[in-house]
Structures are given as C-alpha cells and as structure tokens.
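The lines below spell out each chain.
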Amino acid sequence: MAFLRAFGAYLPDRVVPNAEFAARLGVEDSWIVQMSGIEERRFAADSETVVDMGVRAAEACLARAGLAAESVGLIVVSSGTGERRFPGPASEIGMRLGISGIPAIDVPVASAGSIFGLTLAHQLASHYGEVLVIAAEKMSSVVWNDNPDKNTAILFGDGAGAALVSSKSGAWEVRATALHSDGSTANDLSLPVDGPLRMNGMVVIRHASQKLPSVIKEVLAAGAVLAADVGAILMHQANQNLMNKVASTVGVAAERLFTNVARYGNTSSASMLIAAAEWQDAGGASERLPIVFAGFGAGFHWGALLAVPALQ
Amino acid sequence: MSEAARILEAVRTVAKQQVNPDPEESLFESGVLDSFALTDLVSALETEFGITVPDSDLNPRKFESLAKIEAYIENHK
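In the order they appear, the protein sequences are chains A and B.
Terminal number for the first sequence in the working numbering: 329, no gaps in between.
Terminal number for the second sequence in the working numbering: 1280, no gaps in between.
Same shape as in the complex, but just chain B (with noise of 0.2 Å):
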C-alpha cells in the first residue's frame, strides 16, 4: 500500500467514514475532521508511520490536507 493509501485509511478511521477528499482539500473545512479527530488522527499516524508528533505540532494547519500530512511524514521519519 502507498503512503497516500495509508494516510487516507488513516483519516477514513478516523473520520468513521469512506471519505474521499483531494490531496489539497482542508479536512477541516470539508468537515471530515474537527479538533477532536486531530488529536486521534496524530495518534494513528504516529502508529502508522513510527513518527513522534510533538505537542509544539499540533496545530491543524500541519494536518490540513491530505497532501500536507504526507509533506509532514516525510520530513520527519
């Protein structure tokens, strides 16, 4: 499975719904995510990916879209 794949199961657990957002969609706007799901969607990709997200990252802008989460992983494997 792709990256891009993991990441959007991610949010579809998360999110407890088979959303199907584009890459540069803000999840929050589109209302697929709130600042509730945040907390949990770090905590999946930190399981996911063996990543540490810092509490000085957890900000939705870093975890907007699709495309920015996969940014944020690759800068910090």
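Bound conformation, chain A alone (with noise of 0.2 Å):
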C-alpha cells in the first residue's frame, strides 16, 4: 500500500509566446493553437539545468508535504534532457537536496517518465518510506536548433515536477497501476545522441489514443472505478487535441480533464506532475474524489495509476 502526499512544480521565468517564433519557423500562432492547443511555453535560462529545476520542484512538493528532505528514503528522477549521457541527474539532484547517501535512481523513459516514476515509488514506498518522484526537462535545449522542425519545435517547454509517494500517509491511496512498454515503434518517437528529436507525429496520435484510453480504463477496472465516479485525470500535456480524445474515449466528462498545456506546451516527463502540482494548488483535491493519473511517450511506454481518497 501507498499513498500520494504531495506534488510539486517549477517552470521557468521566461515566457515564450507562439508569436516568439512562427515567423521564423513560418507558421501561423492560430495554427500551433488548433494543431495542439498551445499558446505559450516556458524556456530555461541558458545556464539553467534539469538539476535546477528538479531541485526546484522538490522543494516545493516537499515544501507542501511538510516534510524535511531528510525524510526521503528514495529519489527517482526522470529526465531525457540531462546535460550528460551519465550519470543522470538524480543522484545530483539528491546530494542539492542534501540527502546524499540515499539511493537516487535514474528512469530516463520520456515523456512516460512521470507515471513509470509513479508506478514504481508506490511498488518502493514499503521499503524505502518517503520516496520523492522529480521529473525535469530542458526540452528547448534538444527542439532548438540552426533548424528547427516546425512540427515539434512548436511542441515544447521546459520546467519540473515533483511527487512525494509514502508507504504510511498521504490524501489519496493508491489503488491500482498499470505499465506497458513497445519496442517496435522506438524509431517514431526518439531523440538519438546526435539529436534532433525525430516524431513521426501520425504513428504517435495513432497508438497514443488507442493505448491512453485502454489503461486508463484497465486501471479503472482493476481498481473497481466507474467513469462516471472519477473526478480528475491528470495526464502528460502533450496535446489539447489527444487529451479531449483520451477522456471523451473513456467516458470521462471533459471538466474532469485537468490541462495546463496551453500554458507550459508539452514538458515530456515532466507535464503530468506539474499539472497534478497545479491540479492540487487549485483546490481539486478537496473533492475527494478518484483520480487517475495517465501518460505515454517514447518507446512507446505508457501507463495509468488510479488513486482514490484515503481513509481519515
């Protein structure tokens, strides 16, 4: 058993309009808004790092917990933007928290990063204790470049997020997981060591809005949830357009959706923590109701929790 105690969130200072960069890209504001929903997004500072922004984030998700960083038992960071091959950026991240000496694992999945994060803190919680999930990108840092594609360029932001997943309390009580991984479409959606990031967007839409709705709906099964009874999901910001697909699939009214891509555009791992960060600073855990966490990335990997409120 384990339960979700707090999130976390930090984006960056600087806001990045679409009209920042159509021109140049020759695209049209209207368009990057009725392909995908976005209207702005967040960059980093150049001498900004995804450390930066995790610790950040944690520090605010620990900050609302009300938990000293000593606390933590487990660190596990996803990031496909660190700064080096390796090491990842979670045992960094760990000894800025000044929790060096506790195991800080590295889950660098994508945009899938939050929810494989998730999923494995609640299967760690009953060892470890405290387990603090960060999900940090720089995506800017791997979309822009001399020649930017207008078909992903347009897509990303930057920033952080964190969740604080605990074997003993918390508001919500985890009742049901679900994970799954693809190798066979890994080249539509990847990011080679050389770069640029390479989508092949229609293969994404394609398996993302047929497999989103069918874990959602596995963990809603698994977990003895209706639809009907679920009061937020919470899912990776990748698209306006994929996300009211997702949710009118599964039968979930739309209020339900909880979405601020419009504002940060798609932070890969990081998107679905910063929204359940925002989800909770807006009041919507005090409807106590179940919510369902859902994301899907490069690999593909995707997966779906299920929380429902915990007993107090």
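None of these hints come from the bench; they were simulated from the model.
Mixed in with the good hints, there may be bad ones.
What the hints assert, rightly or not - Going by beta-carbon spacing under 8 Å, a handful of chain A positions derived as facing chain B:
| # | residue |
| --- | --- |
| 1 | VAL220 |
| 2 | ILE222 |
| 3 | ARG223 |
Said to hold, decoys possible - Quick look at which bits of chain B chain A covers, simulated, 3 or more residues with Cβ under 8 Å:
| # | stretch |
| --- | --- |
| 4 | 1229–1242 |
| 5 | 1256–1266 |
Glycine included, each C-beta is placed from N, C-alpha and C at the ideal position.
Take the two lone chains, each set in its own frame, and fit them into one complex as the hints suggest.
Structure (structure tokens):
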C-alpha cells in the first residue's frame, strides 16, 4: 500500500508565446493553437539545468508535504534532457537536496517518465518509506537548433514536477497501476545521441489515442471505479486535442480533465506532475474523488495509476 | 451499398458532418479532416473493410481523397 502525499512544480520565468517564433518557422500562431492547444511555453535560462529545475520542484513538493528532505528514503528522477549521457541527474539532485547517501534512480523514459516514476515509487515505498519522484526537462535544448523542425519545435517547453509517495500516509491511496512498453515503434519518437528529436506524429497520435484510453480503463477496472466517478484525469500534457479525445473515449466528462498545456506546452516527462501540482494548488484535491494519472511517450511506454481518497 | 458510398459514410462519420467532397478533392486541404481525424478514419476503414493499415502507411497522402482511399482499399483487400 502506498499514498500520494503532495506534488510540486517549477516553471522557468521566461514565457515564450507562439508569436515569438511563428514567423521564423513559417507558421501561424493560430495553426499552433489549432494543432496542439498550445499558446505559450516556458524556456529555461541558458545556465539553468535539469538538476536546477528538478531541485526547485522537489523543494516545492517537500514544502507542500511539510516534510524535511532528510526523511526521504529514495529518489526517482525522470529526464531525457540532462546535460550528460551519464550519470543522470538523480544523484546530483539528491546531493543538492542535502540527502546524499540515499539511493537515487534515473528513469529516462521521456514522456511516460512521471507515470513510470510514480508507479515504481508506489511499488518501492514499502521498503523505502518516503519516495520522492521528480521529472525535469529542458526540451528547448533539444528541439531548438540551427534548423528547427516546425512540427516539433512548436510543441515543447521546459519545467519540472515532483510527487511524494509514502508508505505511511497521504490524501490519496494508490489503488491500481498499469505499465506497458512496446519497442516496435522505438524509432517513431526518439532523440538520437547526435539529435535532433524525431517524431512520426501520425504514428504517435494513433498509438497514444488508442493506448491511453485502454490503460486508463485497465486501472479503472482493476480498482472497481466507474469512469463517471472519476474526479480528475491528470495526464501527460502533450496535446489538448489528444487529451480531449482520450477523455471522451474513456467516458470521463471534459471538465474532469485538468490541462495546462496551453500555458506550458509539452514538457515531456515533467508535464504530468506539473499538472498534478497545479491541480492540487487549485483545490482539486478538496473534492475527495478518485483521480487517474496517465502518460504515454517514446518507447513506446505508457501507463496509468488510479488513486482514491484515503480513509481519514 | 457501393464501396465508394461506404467510404464516404466513414469520412462523414469521422468528420462529424455531412460532407460531399469530389472524388479527387483533398480532404485535408479542404478542412474535412485533420491529422487527428486521419487516425480515426483509418480505424474506421479497418473495421468497415476488414483491412489492416500498418503504421508505415499512416500518411495523409495515402488517404488524401476519396479516390485515393478507394484505391488503397482495393490494393489491400
């Protein structure tokens, strides 16, 4: 048994509206909004790293939980845009939080990183107690180059999210989880070592629009919760049109879909936890209804997690 | 119902409007379909005609018009 205790987020200060680069890419602001729902995103400063952003999100999450970093037993970090091939950012984030010595695991599975991190934390919490899940991405560093691709450059932003998963207590109890992977489509969404990011958008849309509803239904069935009873869906914020389609297919009312992709774009692995933090801060948790997390990304990897209000 | 009529019905269902495009008219340039609708159309065609469209064929150019859709189905029965 594991509980979700709190969420946190960090977004860089610099706001980049579509209009700032639409002309350079030869596209219209309205086309970007129509295709993705994205109106603006945040870009990190040149000197700002994945570790910097991850630490800020982790600190916000710990503050929200009222927990000292020293109480954390395990760190799980997802990022596909760190500054090095290895080590990943996990151990450095632990050091910056002042908790070197505890295990810190990197989970570099791109956009599904938050859901994989949350699920692993749920499984490992019984051993480690308090597990801090962090997802941080500096996507601007991999999609903006001398010759940016208009179909990918418009989508991404930078940021970090965090969640605290506990074996002891929290507002939500994890009731069901499901993770899946299929490497047959590995090259349809990838970031090669020498870049740039490659995306076969049609294939991504096809698989995401089928696999996300399927895995959400899987956890709802496993947890014996009806779609109509779901209080919020907190999904990887890839594209507003995709999220709308997923919610409709699952049978969850559109107003139960929490989205912020319009303001932050697709922040890859970080997006789901950033959304969770904003949903929490907006008072979403006060409804005490079941919540569903879901993510899909390069690999392809996808998964979902169902949590229900914990007995108090 | 003819094959052409079944294709038109699938397009109308996915587009959620009673469109009546010319056989050679681009369904994408005319705004009948967009990239999200293409994946729905492909699913509908797979079900209606019992074909399998591989990921490698998931390209708007292959399903650009009613005529191209009909040709694709003929070649993949």
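Hints, verified against the model:
The restraint placing VAL220 (chain A) at the interface with chain B holds, with a minimum CB-CB distance near 5 Å, inside the 8 Å limit. Given the 8 Å rule on beta carbons, the hint for ILE222 (chain A) holds: about 5 Å separates it from the nearest Cβ of chain B. Against a cut-off of 8 Å between C-beta atoms, the interface hint on ARG223 (chain A) holds, since the closest Cβ of chain B lies about 4 Å away. With 5 residues having a Cβ less than 8 Å from any Cβ of chain A, the stretch 1229–1242 of chain B passes the three-residue criterion, so the hint holds.
By the rule of at least three residues with a Cβ nearer than 8 Å to a Cβ of chain A, the coverage given for the stretch 1256–1266 of chain B holds, with 4 such residues.
Consistency note: the structure conflicts with none of the earlier hints.
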